[in-house]
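Please work from the sequences and hints to get the whole structure.
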Amino acid sequence: MEEKEFCPSEEVKSLNFIEQRVKKDLEEGRNGGRLQTRFPPEPNGYLHIGHAKAIAMDFGVAEKFGGVCNLRMDDTNPQKEDTEYVEAIKNDIQWLGFQWGKLVYASDYFQDLWDFAEWCILQGRAYVDEQTSEDIAAQKGTPTQAGTNSPFRDRPAEESLRLFREMNSGNVEPGKMILRAKIDMASPNMHFRDPIMYRVLNMPHWRTGNKWNAYPMYDFTHGQSDYLEGVTHSICTLEFVPHRDLYDLFVTWIKEWRGETPENGHDIEDNRPRQFEFNKLNLNYTLMSKRNLLILTKEGVVNGWDDPRMPTICGIRRRGYSPESILRFIDSIGYTTFDALNDIKLMEAAARTDLNERATRISAVLDPVKLIITNYPEGKTEELEVQNNPERPEDGTHTITFSRELWIEREDVKTEPDPKFFRIYKGKETRLKGAYIIDCKEVHCNDSGEIEWIECTYDPDSLAGTEGANRKVKGTIHWLSCAHCLPAEVRNYECLWTCENPRDAIKQYEKEHGVRGIDAMRPFLNPNSLNINTGAFIEAYARTLPAFTYLQFQRTGYFNIDPDSTPDHLVFNSTVSLKDRK
RNA sequence: UGGGGUAUGGUGUAAUUGGCAACACUGCAGAUUCUGGUCCUGCCUUUCCUGGUUCGAGUCCGGGUACCCCAACCA
63 MEEKEFCPSE EVKSLNFIEQ RVKKDLEEGR NGGRLQTRFP PEPNGYLHIG HAKAIAMDFG
123 VAEKFGGVCN LRMDDTNPQK EDTEYVEAIK NDIQWLGFQW GKLVYASDYF QDLWDFAEWC
183 ILQGRAYVDE QTSEDIAAQK GTPTQAGTNS PFRDRPAEES LRLFREMNSG NVEPGKMILR
243 AKIDMASPNM HFRDPIMYRV LNMPHWRTGN KWNAYPMYDF THGQSDYLEG VTHSICTLEF
303 VPHRDLYDLF VTWIKEWRGE TPENGHDIED NRPRQFEFNK LNLNYTLMSK RNLLILTKEG
363 VVNGWDDPRM PTICGIRRRG YSPESILRFI DSIGYTTFDA LNDIKLMEAA ARTDLNERAT
423 RISAVLDPVK LIITNYPEGK TEELEVQNNP ERPEDGTHTI TFSRELWIER EDVKTEPDPK
483 FFRIYKGKET RLKGAYIIDC KEVHCNDSGE IEWIECTYDP DSLAGTEGAN RKVKGTIHWL
543 SCAHCLPAEV RNYECLWTCE NPRDAIKQYE KEHGVRGIDA MRPFLNPNSL NINTGAFIEA
603 YARTLPAFTY LQFQRTGYFN IDPDSTPDHL VFNSTVSLKD RK
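In terms of the working numbering, the first sequence is residues 63 to 644.
Since the hints were derived computationally from the structure, they do not count as laboratory data.
Predicted, not measured: the structure shown is a model, and the values here were computed from it.
Errors might be hidden in some of the hints.
Said to hold, decoys possible - With a straight-line cut-off of 27 angstroms between C-alpha atoms, the simulated DSS-like cross-links for lysine-lysine are:
#, residue 1, residue 2
1, K152, K342
2, K244, K317
3, K352, K407
4, K534, K482
5, K126, K142
6, K488, K476
7, K476, K641
8, K476, K490
9, K641, K482
10, K238, K407
11, K432, K352
12, K569, K360
13, K142, K238
14, K534, K569
15, K432, K476
16, K202, K164
17, K342, K482
What the hints assert, rightly or not - Now the in silico label distances, taken between C-beta atoms and shown as ranges:
#, residue 1, residue 2, range
18, T399, F483, 48 to 56 angstroms
19, T398, D216, 40 to 48 angstroms
20, E81, L408, 39 to 47 angstroms
21, F483, L408, 26 to 34 angstroms
For each residue, glycine too, the CB sits at the ideal point set by N, CA and C.
This is the structure we're talking about:
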């Protein structure tokens with residue numbers, strides 16, 4: 063027979079559409095063959111799994127193609143931002159395993175942005191508008207109706223310049239004046255209808271202090287920041303597609319301001335950032351928006367941003383996900399321009415795959431019932447060696463104590479077993495994992511039929527690792543010595559939401575009932591999202607392990623040691639169950 | 001009804017860019033097993049509709065349909 067050469071052809075994973083574009087740009091030497099990206103969170107909340115997708119893209123593509131990714135805090139709105147969030151964001155990114163080139167702030171560019179804005183005014187491309195926000199909104203028109211020009215649109219540049227400076231003096235009440243770009247009030251693209259460049263906030267900024275009273279808007283900040291910083295590929299999510307033309311326009315203007323024009327021998331296409339958009343992450347039974355997550359924390363629906371039910375990176379971390387499992391999940395869903403709703407099962411599957419190789423095996427009994435081995439001597443104990451992880455023998459072993467009285471799972475015992483049940487029932491042999499084979503003699507119940515304890519004998523010659531253990535026994539269960547295990551609090555979680563798409567459900571409820579915020583969220587909250595089990599037991603070995611240790615409770619699921627846990631009060635979070643086929 | 005986007009199994013993503021529609025997850029069945037896990041095997045299910053170009057269309061063209069984004073002094 064002919065032998066075919068088996069080639070585990072390092073299955074070439076195809077590049078996503080942005081990677082393809084980056085590769086092409088690099089090959090064509092665009093922007094001098096440089097690659098620079100940025101991750102630009104607004105420090106107004108904690109990062110969530112959707113940000114993790116953006117992080118994996120921004121940092122990942124830079125890493126993959128030899129570029130650099132900066133972390134840029136998009137801090138143009140001091141009303142909502144806080145330094146608390148800056149530290150949390152940095153932590154989360156590093157925990158995910160990424161390192162930024164430079165840490166920068168949009169506020170680093172406030173002076174440049176201001177000077178550029180003054181130049182725009184002098185060029186006749188910007189003007190100070192003194193109308194009310196209502197009037198401005200009314201003049202904006204609708205998607206199907208052109209807007210109308212502001213009466214202030216053609217005021218002299220000198221006047222606008224004087225008023226613009228006035229806007230920053232602290233003497234102008236917020237809302238009284240704004241700086242607008244003079245573009246096209248009839249544009250079919252709403253963003254071109256004389257967009258706002260600056261507004262008065264009269265509020266100190268946590269970084270720039272009292273220097274500014276007027277602050278630039280996102281659209282007048284982002285592209286320019288990218289340009290000033292040297293970003294080549296500015297990658298964001300799909301909702302910014304309609305902003306792209308405006309982004310390009312402002313970049314063209316700022317290049318002009320800097321004298322980078324064809325007349326000066328500069329290629330208009332070169333040395334400029336370009337915006338690319340991918341689909342943001344939507345997960346079923348999960349609410350992603352920072353605004354709503356903030357409400358959940360403020361209303362006490364969850365216990366803070368790192369509540370294990372939260373889709374925040376710190377919440378998911380506390381739930382017991384490893385960074386690798388998050389990245390694996392993100393890799394599995396990919397980047398496209400299709401507005402997908404991903405199944406949370408994909409995320410759980412990624413966690414199982416990763417944790418299977420990572421988690422330390424330990425025995426925990428969640429719903430204990432007593433088993434007594436009548437022929438095992440009272441007072442006798444044995445220290446048995448068990449593997450930390452059968453997938454990784456190099457992870458070593460630890461010991462567990464065996465004795466006459468054990469805890470086992472209530473669901474591992476039946477008085478009236480169905481034919482497919484092959485664990486404990488009267489007359490059936492079962493293997494105690496890592497220990498002996500037992501023979502169930504009697505299942506003792508109370509008057510109401512509840513199992514009280516199990517009476518059995520053991521085969522002294524069947525100890526794991528000995529010859530006598532090599533007997534075929536269908537059914538292996540985990541166990542804990544009553545006298546040697548520790549009580550444990552186990553926190554079990556379900557999705558926070560009862561509907562697949564809480565974002566849409568809440569939006570619709572708001573519309574139909576005229577309520578907002580938490581009142582529109584309550585009808586869709588899962589009352590059983592947190593279930594605390596204080597009656598569990600676990601191996602004494604658990605006491606020696608630090609918070610955030612990845613564990614597999616054998617035959618049950620993956621668990622993590624909560625930071626609330628102390629040696630005297632062990633607390634575990636359920637990450638995800640084992641796939642089970644019971 | 002303006003502009004900008006998007007449609008491939010139950011879910012998400014591929015398809016050497018016009019050449020046998022595949023991968024992962026889910027589900028089901030089985031084998032192995034000192035975890036009813038893992039590993040292994042098998043099965044189910046796919047190109048929005050409709051015309052056209054072509055030897056050949058998921059891919060190109062025309063016409064539909066559905067869904068998403070845009071009218072914050074948020075980002």
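Tested hints:
{"no.": "1", "hint": "K152 <-> K342", "in the structure": "holds (21 angstroms)"}
{"no.": "2", "hint": "K244 <-> K317", "in the structure": "holds (18 angstroms)"}
{"no.": "3", "hint": "K352 <-> K407", "in the structure": "holds (22 angstroms)"}
{"no.": "4", "hint": "K534 <-> K482", "in the structure": "holds (17 angstroms)"}
{"no.": "5", "hint": "K126 <-> K142", "in the structure": "violated (34 angstroms)"}
{"no.": "6", "hint": "K488 <-> K476", "in the structure": "holds (8 angstroms)"}
{"no.": "7", "hint": "K476 <-> K641", "in the structure": "holds (22 angstroms)"}
{"no.": "8", "hint": "K476 <-> K490", "in the structure": "holds (11 angstroms)"}
{"no.": "9", "hint": "K641 <-> K482", "in the structure": "holds (18 angstroms)"}
{"no.": "10", "hint": "K238 <-> K407", "in the structure": "violated (51 angstroms)"}
{"no.": "11", "hint": "K432 <-> K352", "in the structure": "violated (47 angstroms)"}
{"no.": "12", "hint": "K569 <-> K360", "in the structure": "holds (19 angstroms)"}
{"no.": "13", "hint": "K142 <-> K238", "in the structure": "holds (21 angstroms)"}
{"no.": "14", "hint": "K534 <-> K569", "in the structure": "violated (58 angstroms)"}
{"no.": "15", "hint": "K432 <-> K476", "in the structure": "holds (13 angstroms)"}
{"no.": "16", "hint": "K202 <-> K164", "in the structure": "violated (39 angstroms)"}
{"no.": "17", "hint": "K342 <-> K482", "in the structure": "violated (45 angstroms)"}
{"no.": "18", "hint": "T399 <-> F483: 48 to 56 angstroms", "in the structure": "holds (50 angstroms)"}
{"no.": "19", "hint": "T398 <-> D216: 40 to 48 angstroms", "in the structure": "holds (45 angstroms)"}
{"no.": "20", "hint": "E81 <-> L408: 39 to 47 angstroms", "in the structure": "violated (21 angstroms)"}
{"no.": "21", "hint": "F483 <-> L408: 26 to 34 angstroms", "in the structure": "holds (31 angstroms)"}
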